[in-house]
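Chain by chain, the residues:
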Amino acid sequence: GGIITQTPKFLIGQEGQKLTLKCQQNFNHDTMYWYRQDSGKGLRLIYYSITENDLQKGDLSEGYDASREKKSSFSLTVTSAQKNEMAVFLCASSINGPFNQDTQYFGPGTRLLVL
Amino acid sequence: AQSVTQPDARVTVSEGASLQLRCKYSSSVTPYLFWYVQYPRQGLQLLLKYYSGDPVVQGVNGFEAEFSKSNSSFHLRKASVHWSDSAVYFCAVSISNNRIFFGDGTQLVVKP
Chain H
1 GGIITQTPKF
11 LIGQEGQKLT
21 LKCQQNFNHD
31 TMYWYRQDSG
41 KGLRLIYYSI
51 TENDLQKGDL
61 SEGYDASREK
71 KSSFSLTVTS
81 AQKNEMAVFL
91 CASSINGPFN
101 QDTQYFGPGT
111 RLLVL
Chain V
1 AQSVTQPDAR
11 VTVSEGASLQ
21 LRCKYSSSVT
31 PYLFWYVQYP
41 RQGLQLLLKY
51 YSGDPVVQGV
61 NGFEAEFSKS
71 NSSFHLRKAS
81 VHWSDSAVYF
91 CAVSISNNRI
101 FFGDGTQLVV
111 KP
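Top to bottom, those sequences are chains H and V. Using the working numbering, the first residue of the first sequence is number 1, and each one after it goes up by one. Using the working numbering, the first residue of the second sequence is number 1, and each one after it goes up by one.
A couple of the hints might just be wrong.
[Claimed, not checked] DEER-style ranges, computed between Cβ atoms:
id : chain 1 : residue 1 : chain 2 : residue 2 : range
1  : H       : N84       : V       : S70       : 43 to 53 Å
2  : H       : G1        : V       : Q20       : 28 to 38 Å
3  : V       : W83       : H       : K9        : 23 to 33 Å
4  : H       : T79       : V       : D54       : 46 to 56 Å
5  : H       : T79       : V       : A17       : 45 to 55 Å
6  : V       : Y51       : H       : G1        : 20 to 30 Å
7  : V       : W83       : H       : K41       : 23 to 33 Å
FYI, nobody ran anything at the bench for these hints, they're computed from the structure. In this text, a Cβ means the ideal position worked out from N, Cα and C, and glycines have one as well.
Turn these sequences into a full structure, and let the hints steer you where they fit.
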């Protein structure tokens, strides 16, 4: 088995601040994903990466940057935090992909609150 | 374009009762279909998935789902729920090598 680790678990930021979220997986999966989850809503794709140094925009990429430094890690940057923003950011990985029948494995999430 | 709808935001059932969580999808071709569960303060975990074949697919913890092409549905069922089944359940659809779309989720509350 494997695990996906997301750091930090909680992130409190100030309006306009640049914030970075990190994700590590030890599945040796090729594809990694970043999703945003708002309360009572489904997941929306921000970025995904099919291999090291690859980056693909999702439906919600504006206001975010991402980086796949190595196969096991995928980081997400909120370029300018919005006041009163509150959401959970979920990282996931899949063995191949993207978006085929492979199961996506999810991390526990990073909870963001912007004051 | 493909989309997925979970018409019930919240479902409350008594422990031991049967359960059905509804999922409708919109797609020009039969998509890959998934049900994921999210327990409090955790990521999503796969319950079951369907690509083809027997329209009733078995998942973990006694869950099953039935695909209906005529109704464009993929409803999740369980014969007898336990309090530990309380969670948010997400239906998701994907066309091969295309995006995966998640529904808004259904919060299941199991009363003792």
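Any hints from earlier that this structure breaks? Give me their numbers in increasing order, please. none
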